[in-house]
Amino acid sequence: MADAATAAPPETEPHHSGHDHGHDHHEALAHHFEDLDQQFEAGKLGMWLFLAQEVLFFSGLFAAYAVYRWHHPEVFVDAHTHLNTTLGAVNTIVLLASSLAIAWGVRAAMRSDRRTILNTHVFTLGCAALFMGVKAIEYTHKWDEGIGAGDWYSYDPATHKGFNYWGDWTWGDYMPGLAIGSLVIGVLVALWGARWAGNNALVKGWVTGAIGVCIFSFGFGIVLAKGVMPTELELARAGGHDAHAVHDAGHSEGAIDGASATEASPHGDIAPIDHPSGEGLAEVDAAPDQVGEPAGAESGALNPNPIPRGELTDPGPDPGPEAPPAAEPPTRQPKFTEANFFSIYFVMTGVHAVHIVGGIIAILWVVGKAAAGEFDADYFLPVENVGLYWHLVDLVWIYLFPLMYLIH
Amino acid sequence: MSHDAHSHHITSPQLLWATFAALVALTLLTVAVSSYVHLERFPAQVFLPMVFDDPVDVRWLDMPITLAIATAKALLVAVIFMHLQHDKLFNAILLIGAVVFMVLFIGMALLDSGQYQPQVETYTSDKEAMQNP
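Line by line, the protein sequences give chains A and B. Heads up, the first sequence is in our numbering, so the first residue is 414 and it goes up one at a time. Heads up, the second sequence is in our numbering, so the first residue is 1239 and it goes up one at a time.
The following block holds chain A by itself, in its conformation from the complex (with noise of 0.2 Å):
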C-alpha cells in the first residue's frame, strides 16, 4: 500500500487537477496527506478536539454558575428581572437561524454549489452581527442603569440608576447615532462590494460586500432590540419604568428582600440571606457606616455615597466580596448579591460574544476562499469546520439563554 501511495503521483503527473480521478493532485491537497479523504477526516477530528476542549473551557463558567446559583437561588430569581426575556429569545431565534444557513451552507459545499455556499454565509454573517446589534443593547442598557459587573456594580434599586462614571452621557445617547450610522456605512459598504464583485475582483467583493452586510445588520440588532426594549434615557423621558414598575411600589429593598426570602424557601433549607446595605456590593465598600442600618435609611437619596471612580482603582478599601471593611456588624460574611450575578452574565455572555466576533471573522474567511472558488465537493474542509465551530457556539447559547433569561 504505501508503495503504491507513493508511486501515484509520478503516474498522474500528465494530469490536470480537473480530472476527477482520486489520484491526481488536488491543490489544496496538503503534501503530507495520502489523498483528501484522509485530510478532510484529519482535519475534522482536529475540530472535534478543539470543539471538545471549548466545551471544557466553557464548563469552568457554567460550573461558577451552577455552585452560586445552588447556594443563593434567590439572588439569581431577584436578579433576572433585569433581562429581556423578548430579546434572549429573538437572539437565540437570530442564532438557530444562523446555524440552519450555515448547515446548509456546508450542504451546498458537499453539492459544489459556489453560489449558495456564499449566500448562506453571508446570511449566517447577518445573524451574527445583528445578534451583537442586540447584545449592544442589551449591555448598554444596563451600563446606564449601573449594572456592570464587579465593580462597575452600583445600580440603587430605588432609582434604578447607579453612579455615572461617564459624567453627563449615557450608553443610550450614542445608541440612535451608531444605529443610524451603521445601517448607512453598512450599506454603502456592501454595495462598494457588489460593484467590486460585479467587476470581476470576486474575493474582494464578497469579502467587502459580507462585511457590509454585518455593519448594516449591527444596525438593524439595535434598531430591533430598541424596538423591543427602549434604553434608560427613553423610558425616563417617557416618565417611567416597564419592568421595574413593581418594585416602584412605594417599597424599597426591605420589600424586595421580603419577596425573595419567601419565594427562596421552597428551593431548600438556605440560611436567611439579610440585605443590609440594598443589593450592590459597591455600597457595601462605600459606605459601610450605613451598613446595618434599616433598609428605609438610604432609599430615599439616590445611592448615598456613590464610589467615586478613582476610589476604584485605589487599592486602600478592600474593593472585593472577601474582605469587608472591619466596621461591620457580625452578619458581614462574604455575601452573594446581584452584583455577583450580573459579573457572572457578563463574563458568560461576554466570553460568548467574543467567539461570536471569532466565528464572524472564520466566516468572513470562507467566504473569501469561496468566493476565489478554492471549494467543491473533493474539498470543503474549512466550510465543514467552520460551520462546526458556528454549531458549537450556538449549543453554548442554547444552554446560557435559559440559564440566564428564564430564571423563576
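Accuracy of the hints is not assured; some may be wrong.
To be verified - The list that follows gives simulated cross-link-like pairs (lysine-lysine, DSBU-like), each with its CA atoms no further than 30 Å apart: (1) A:Lys574 <-> A:Lys639; (2) A:Lys457 <-> A:Lys617; (3) B:Lys1326 <-> A:Lys457; (4) B:Lys1326 <-> A:Lys782; (5) A:Lys748 <-> B:Lys1365; (6) A:Lys782 <-> A:Lys457.
Hints in this document: simulated from the structure, not taken from any laboratory.
Once you have looked at the hints, place chain B on chain A.
Okay, now just chain B, sitting in the frame of chain A:
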C-alpha cells in the same frame, strides 16, 4: 479511492428545515413554560384529580424542565446540524467525553462548594474579634 469512497452524506433540505422548526418550537416552549406556567401552584388536581386536591408547588421541576428542553435542542443541533449521525463514531465520542467530564466537574464542584464554609466563618469571626478591641 474513487468518488464514492468519500461521498459525504448530504442532509436533505426537508430535514434541515424540520430541525430548525423544531429548535424554534422548543425555544418558544421553554419561554412559555417560564412565562405562563405557574409552577408554584401547578393545577395538578386538574390532571390527576384522584391524587391531588389542591394545586401543587412543583418549582423544583423548573431546572429539570429547562435543562431537558435545552438538551433536546443541543442534541438536535449536534446530531443533525453537526451531522454526527453520519459521522465517525469517534467524533461523537469526543463530544460525549467532553460533556461527561463537564458533568463530573460541575457535580464535584457542587458537592464540594459548601465544604469549607465552617472554617471560613471561624476564620472571619476570629479575624473580626482580633480587629475589634
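Results of checking the hints against the structure:
Only pairs whose Cα atoms come within 30 Å are accepted, and Lys574 (chain A) paired with Lys639 (chain A) is accepted, the gap being roughly 19 Å. Pair hint Lys457 (chain A) plus Lys617 (chain A) holds up; C-alpha atoms about 28 Å apart against a cutoff of 30 Å. The suggested pairing of Lys1326 (chain B) with Lys457 (chain A) holds, with an alpha-carbon distance near 10 Å, which does not exceed 30 Å. The suggested pairing of Lys1326 (chain B) with Lys782 (chain A) holds, with an alpha-carbon distance near 26 Å, which does not exceed 30 Å.
A distance of roughly 17 Å separates the Cα atoms of Lys748 (chain A) and Lys1365 (chain B); the hinted pair therefore holds under the 30 Å criterion. Taking the CA atoms of Lys782 (chain A) and Lys457 (chain A), the gap is near 18 Å; set against the 30 Å cutoff, the hint holds.
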